[in-house]
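Asker: Chain by chain, the residues run as shown.
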Amino acid sequence: MKVLLLGAGRSKRMKPITDKNFLNFLGKPLIEHQLELLKNAGLDEVVIVGGKHNLEKFVLCGKDLGMDVSVVEQKDLDTGMCGAVLAAKNKIGSEPVLIFSSNDVVEKSAFESVLEAFEKGDAEGYLLGKVVHEYFPGGYLEISDDGFIKNIIEKPEKGKEPSNLVNLVVHVHRDFSKLVSYLEQAKSDSDDLYEVALGNMIKDGVKMKAVKYDGFWQPIKFPWHVNKVFKFLFDNAKKTISKSAQISKNAVVKGDVIIGENVKILEGAVVNGPVYIGDDSVIATNALVRESNIGKNCVIGFSTEVARSFLGDNVWTHSNYIGDSVIGNNVSFGAGTATGNLRLDEGEISSITDDEKTPTGENKLGIITGDNIRVGINNSFMPGVKIGSDSFIGAGLVIPENIPEKSFVRGEVTLKISENNVDISKMSRDEMKKKIK
Amino acid sequence: MKVLLLGAGRSKRMKPITDKNFLNFLGKPLIEHQLELLKNAGLDEVVIVGGKHNLEKFVLCGKDLGMDVSVVEQKDLDTGMCGAVLAAKNKIGSEPVLIFSSNDVVEKSAFESVLEAFEKGDAEGYLLGKVVHEYFPGGYLEISDDGFIKNIIEKPEKGKEPSNLVNLVVHVHRDFSKLVSYLEQAKSDSDDLYEVALGNMIKDGVKMKAVKYDGFWQPIKFPWHVNKVFKFLFDNAKKTISKSAQISKNAVVKGDVIIGENVKILEGAVVNGPVYIGDDSVIATNALVRESNIGKNCVIGFSTEVARSFLGDNVWTHSNYIGDSVIGNNVSFGAGTATGNLRLDEGEISSITDDEKTPTGENKLGIITGDNIRVGINNSFMPGVKIGSDSFIGAGLVIPENIPEKSFVRGEVTLKISENNVDISKMSRDEMKKKIK
Amino acid sequence: MKVLLLGAGRSKRMKPITDKNFLNFLGKPLIEHQLELLKNAGLDEVVIVGGKHNLEKFVLCGKDLGMDVSVVEQKDLDTGMCGAVLAAKNKIGSEPVLIFSSNDVVEKSAFESVLEAFEKGDAEGYLLGKVVHEYFPGGYLEISDDGFIKNIIEKPEKGKEPSNLVNLVVHVHRDFSKLVSYLEQAKSDSDDLYEVALGNMIKDGVKMKAVKYDGFWQPIKFPWHVNKVFKFLFDNAKKTISKSAQISKNAVVKGDVIIGENVKILEGAVVNGPVYIGDDSVIATNALVRESNIGKNCVIGFSTEVARSFLGDNVWTHSNYIGDSVIGNNVSFGAGTATGNLRLDEGEISSITDDEKTPTGENKLGIITGDNIRVGINNSFMPGVKIGSDSFIGAGLVIPENIPEKSFVRGEVTLKISENNVDISKMSRDEMKKKIK
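Residue numbers (the working numbering), protein chains in the order written: chain A, 8 to 444; chain B, 8 to 444; chain C, 8 to 444.
It should be emphasised that the hints constitute simulated quantities derived from the structure, not laboratory data. Note that the coordinates shown come from a computational prediction; the quantities given were computed from them, not determined experimentally. Take the hints with a grain of salt, since some may be wrong.
In this list, chains with the same sequence are indistinguishable; a pair is considered to hold if it fits within one copy or across any two.
Result set (DSS-like, lysine-lysine): computed pairs, CA atoms no more than 27 Å apart in a straight line [unchecked claim]: (1) Lys35 x Lys441; (2) Lys22 x Lys127; (3) Lys303 x Lys442; (4) Lys238 x Lys271.
Given only the sequences and the hints, what does the whole structure look like? Please build it.
Answerer: So, in C-alpha cells, the structure goes:
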C-alpha cells in the first residue's frame with residue numbers, strides 16, 4: 008500500500024526552528040525516522056507532499072532505507088491538509104492509500120493496526136482512534152451501534168465527548184479517488200476541508216471504521232514537543248557506544264546511551280542516559296549531560312550541565328546550565344550563562360509564538376534557539392524565551408523576551424568609579440588558606 | 008533538681024529565622040539538644056518558660072528523651088528574665104532550682120560543675136563564672152577574700168574587670184522562693200531586674216559562690232551564631248552513615264560526617280566534614296559540601312559549593328556558591344546565584360538587625376534567609392544580607408540590602424537591540440576544537 | 008665574552024604589569040631565565056643596563072647561577088638603545104661584546120651561533136638574522152654578494168624585503184669602543200640612533216655579517232606575549248613534581264607539569280599540562296588548570312577553570328573562568344566571575360595601551376591585571392580589558408573597558424520590590440526530586 012506522507016507544513020509554530028522534518032534526532036532528520044517507522048511496518052512506497060521550501064530535501068529521503076519515495080509539491084500551502092492530499096491526485100489514482108502527517112510521531116503499531124483492520128475488513132476507510140485518558144481538544148469519533156463511525160465531533164465540550172477516541176491522521180482509504188472527489192466538492196470557511204470531506208463521506212454512507220490505538224502519540228507542533236519526541240525515538244533506537252569513542256576512566260557513563268564516532272568524554276564528566284551524543288563531540292571535564300540529544304561536533308564545556316535538552320550540531324557550551332531547552336546548530340554560550348527553566352512560582356510556562364502568548368503545558372522549559380548564535384558570558388535567559396537565528400547576545404544580560412533573528416543584543420553599562428584608598432597589598436589570606444583541607 | 012529553662016524569647020535579633028529554639032540542628036530542634044545536655048548532666052526534670060508563640064511546641068519536647076518536662080507561660084514578654092522566672096513561681100516553690108537560658112549553648116560540664124559545687128557546699132546560690140581570655144562586654148563577678156561573690160559589675164571599662172569570670176546564666180538557687188521574693192521587690196528602669204535582685208541578695212548577705220567554667224559557650228542571639236552552634240553540637244554527636252544512604256564510588260566522603268536515611272551522594276560529589284546531611288537529601292554530581300548542616304529532603308545540585316553554612320529542610324541549590332550562610336526551609340536558588348561572603352576589603356561584616364547596623368564580629372558571612380523563598384538565576388547577594396520569608400528574587404540581580412518578607416524583587420531590564428550583519432554561519436571553531444585534549 | 012644586557016626599559020606597553028624583567032615565570036623572574044640561557048651558552052660575564060626603577064633589583068641577579076653580573080645605570084631613559092649601550096662605555100672598553108635586550112626571548116642556540124661565527128670569522132660585527140616566514144615589520148638585512156651586510160632596511164614595503172632575515176638584537180661587536188664612537192657621532196630625529204650608527208659603520212666599510220637563526224623568538228612587549236614566553240620557558244624546563252605535593256587519588260594530572268613544594272591538588276581537580284604550579288598553591292575540588300602558569304601560594308578554588316593563563320602569586324579564584332589572561336600578584340576573584348576571552352564575532356581582539364587601541368593579533372585574549380586587586384562575584388570582563396593595580400571591582404558588573412589603578416568600581420542597583428502574594432509554602436518539588444538518579 009502506498010503512503011501519502013504530508014510534510015508541506017511551514018513549521019511556523021516551531022520558529023526559530025526552521026523545518027521540523029529536518030531536525031536531526033539521534034543524528035538523523037525526523038523525516039528519516041518517520042520513513043523508517045513506515046518501512047518497519049511494511050510500508051515502503053511513500054509519496055511525500057512537500058512545499059517549495061523543503062521539496063528538494065525530501066527528494067533525497069529514504070535512499071539509505073531502500074524505500075520507493077517520490078515527492079509532489081503542494082503549491083498553495085494555505086490550502087492545508089485538503090490541498091496536500093489533492094496535490095497527490097495524479098500520483099495515486101484509485102489505489103488504496105495510507106495518509107499520515109509528518110506532524111505526528113506514533114509507534115509502528117499504529118500503522119500495523121490500521122493495515123491489519125483494512126486487510127481483514129471491508130470498510131471503505133479506517134481511521135486511527137487514539138484512546139485518550141483525559142480530555143484533549145481534538146476531533147472525537149462517534150461510533151454507531153453497528154461499529155462504524157457515525158460522526159466526528161470537533162472539540163466537544165469537556166464531559167460531552169462521544170467516545171474516548173480522538174481522530175489521529177493515520178487514515179486508510181480503500182479508493183483514493185473517492186476521497187479526492189469528496190475533497191474537491193468540500194466547502195468550508197475555515198481550514199478543515201479534509202474533515203468536512205470525511206464528514207460528507209460518512210453522511211453519504213461510505214463505511215468508515217475506527218481502529219483503536221492506545222500507544223505513544225506526540226504531535227510535534229511546538230518546540231517544547233521536541234524533547235518528548237527525542238525520548239520516544241531514543242527508546243526505540245539501538246543503544247551503541249562507538250569503538251572510536253574515548254571515555255576517560257574518571258568519567259561516568261550510566262543509563263542508556265548512544266555515543267557516536269570519535270566522541271571524547273573527559274575526566275569527571277558524567278553522562279546519565281537517556282543520552283545521545285553525535286560524532287566528534289566532546290563532553291569536557293566535570294560536565295554533566297542527562298536526558299539529552301547532543302548533535303555532532305559539539306563541545307559541552309567544563310562544568311556545564313545539559314539536562315533534558317536538545318542540542319543541534321556545532322553547539323559549544325562552557326560552564327553553563329542548559330535545561331529543558333532546544334538549541335539549534337552552530338550556537339555557543341559563554342561561561343556562566345544559564346537558562347532559567349522554572350518560573351519562580353513553578354507554574355505553567357508560556358512562550359510567545361507569532362506575537363501570541365502560548366501556554367506550553369510545561370512547568371519546566373528553558374529556551375529555544377535558531378541557528379548561528381553567539382551568546383556571551385553570564386547571561387540569564389528566562390523560561391520559554393526564543394532566540395532568533397544569526398544573532399549575538401552580549402554579556403551579563405537578563406533576557407526576558409523573544410529576540411528576533413539577526414539581532415545584536417547589548418545592555419547598558421553604567422560603572423561608578425571612585426578612588427580606592429584601601430591598601431590591598433596589606434591584606435593577607437594566609438589564615439583562610441590554612442583552613443583548606 | 009529542677010531546671011528552669013528560659014525559652015520565651017521572641018528571637019527578634021534572629022530574624023528572618025523565626026524561633027531559634029526550634030531551629031533544626033542535625034535534624035533536631037535546638038531545644039531538644041539543650042534538654043539532652045541537661046539529661047546527660049543528670050537533670051531530667053525541667054520547667055520550660057515559653058511565650059504564646061512557642062508554648063504549644065514546648066509541650067511536645069523531651070518526650071523521646073523520657074524527661075519530665077512541663078511548661079509555663081510568660082504572659083508579658085517585656086518583663087524579660089525576671090518575668091520569665093516569676094512565671095514559674097507556682098511550679099517550683101521553695102525547692103532548689105537550676106536556671107538556664109535556651110539562648111546559651113554550653114557543655115554538659117557547665118551543669119555538672121555547678122551541681123557538684125551545690126552538693127558539696129552550703130552557699131545559697133552558685134553562679135557559673137565563664138573564664139574569659141579577652142575582654143567581653145558582660146557582667147563580671149567580683150570575688151571577695153572569703154571566696155564568695157562580692158558584686159556583679161556590668162560591662163566594666165576594659166582593663167577594670169574585677170576578675171576574668173563573666174556571669175553566665177547557669178545559676179543554682181537553693182531556695183527558689185527566696186529568689187522570687189527578691190525579684191518581686193527589685194526595682195529598675197531597665198531590663199535588668201534579675202541582675203538587680205541578685206545584687207540585692209548579695210548585698211543582704213545571701214551567700215553566693217562562683218563556679219569557674221572554661222568550656223564552650225556560645226550565646227545564640229544573632230544568625231551568625233548558628234554555624235558555631237552547629238559545630239559544637241556536631242562535635243558532640245555520634246557520627247553515623249545510614250545504611251540506606253547511597254554513596255557513588257566516584258564520590259568522596261571525608262572527615263567526620265553524619266549522613267541520614269536514603270541520602271544520595273552522586274558522582275564526583277565531595278562531602279568534607281564536619282557535615283550533617285538530613286534524610287532523603289541528594290548531594291548531586293560534582294557538588295561540594297563542607298563544614299555544613301544540610302537539612303532533610305534537600306537537593307544540593309550540580310556543581311554547587313556549600314561551605315560553612317546551615318541549610319534547613321527542602322533547600323534546593325543548583326550551581327551555586329553558598330558560603331557562611333544560614334538558609335531557612337523550602338528555599339531554592341537558581342543556577343549561577345552566589346552569596347558574597349567576604350567584603351572586598353575583607354573587613355568585619357555588618358548586618359542590619361531591626362533597621363540597625365549590627366557589627367557581626369565576622370569577616371566571613373554570607374546571607375541569612377527565612378522560609379519559602381525562590382531565588383532566580385545568576386543573582387549576587389552581598390555579605391550579611393537577610394532575605395525575608397515568602398519571597399521571590401528575580402534573575403541577574405545584585406542584592407545589596409535586606410529584603411522584607413513577602414517581597415517580589417525584580418530588576419530593570421534595558422536591552423539595546425540592533426541589527427546584526429555578521430554572517431555567523433561562516434564562523435567555524437574547528438581549530439579550537441582540535442586543541443582540546 | 009662580555010654580554011651587555013639591555014634591561015632599562017620601563018615596560019610601558021606592558022602596563023598594568025610593572026616590570027617584565029621581574030615577572031615570575033615558573034617561579035623565577037624573566038631576567039633570571041635570560042641569564043641562565045646566556046650561561047648555558049657559555050656566557051657568564053654580564054653587564055646589565057638598568058634604570059632607576061630596577062637597578063637595585065638587577066644587582067641581586069645571577070647570584071644563584073654563579074655568574075659575574077654587574078650593573079650600570081642608564082640615567083636618561085629617553086635616549087633609548089643608544090643611551091643604554093653608551094651607559095656601559097666605561098665598563099667594557101675595547102673588548103668584544105655581545106649585546107642582547109631583555110625584551111627578546113630566544114633559544115640558547117641564538118647566542119651560540121653568533122659566538123661561533125665570531126670565533127671562526129674575522130668580521131667586525133655579527134648580527135643575528137631571524138629567518139621570517141611571513142612579513143614582519145622589522146629591520147631587514149640586505150646581504151651583498153660577498154656575504155657581508157650591505158644595508159639594514161627598516162620596515163620595507165611588503166614584497167620589497169631585501170631578504171628573509173630580520174635584525175634581532177643579538178649582536179656581537181669585536182671592538183666595543185668602535186661602536187661607542189659611532190654611537191657618539193650618530194644623529195637622528197627619532198629613537199633609532201643605534202640603528203643609524205650601525206648603518207654608518209656599514210657605510211664606512213666596517214665588515215658586518217649576518218648569522219641566520221630560524222629558532223624561537225618572542226619579543227615581550229605587550230601583555231599578550233606573556234603566555235607565549237611561558238610556553239617556551241616551560242618547554243625548556245625540567246619537569247618535576249615535588250615530593251611534598253599532595254595529589255588526591257581522585258585528581259588527574261596529565262601532560263607535562265611542574266608542581267612545587269606543598270602544592271595540594273584536591274578531589275576531582277584536573278591539571279592538564281603544560282602547567283606550572285608554584286609552591287604552596289592549592290588546586291581545589293573539581294577545578295581545571297590547563298596550559299597555565301600558577302604562581303606560589305595561590306588557591307584555584309572549587310570548579311574554577313584556568314586555561315592558557317598566567318597567574319602571579321597569591322591569586323585566589325572561586326568558581327571562575329580565567330581564560331587567556333595575565334593576572335598579577337595578590338588578586339582574588341569572587342564566585343561566578345568570568346573573563347570573556349573571545350569576541351562574539353571571534354575576530355581579532357584589540358586592547359587599549361596608553362589610550363590607544365592596539366590590535367593584539369589574537370582572537371583569544373582574556374584580561375590583564377596589575378597587583379593587589381579584589382574582584383567581587385558574578386562579574387563579566389570583556390576580552391582584552393586591563394585592570395589597574397590596587398583596585399576593587401564590585402559584583403554583577405560588566406567591565407567593557409580598562410580600569411585605572413586605585414579604582415573602586417561599583418554598578419547601579421535598581422531593585423523593584425512589590426508584594427508577593429503567592430503561597431510559596433504550598434509549592435512542593437517532590438515530583439522533581441523523584442526523577443533524580
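Asker: Which holds for Lys22 with Lys127 at a C-alpha limit of 27 Å: within a copy, between copies, both or neither?
Answerer: neither (43 Å within a copy, 75 Å between copies)
Asker: Since the copies are identical, ignore which copy is meant and state whether Lys35 and Lys441 lie within 27 Å (CA to CA) inside a copy, between copies, both or neither.
Answerer: Only across copies: Lys35 and Lys441 sit 25 Å apart there, 54 Å inside one copy, limit 27 Å.
Asker: Classify it for me, Lys238 with Lys271: is the Cα-Cα distance of at most 27 Å met within a copy, between copies, both or neither?
Answerer: both (23 Å within a copy, 25 Å between copies)
Asker: When Cα atoms must be at most 27 Å apart, do Lys303 and Lys442 count as within-copy, between-copy, both, or neither?
Answerer: between (44 Å within a copy, 17 Å between copies)
Violation of the numbered hints given earlier is confined to hint 2; every other hint is satisfied by the structure.
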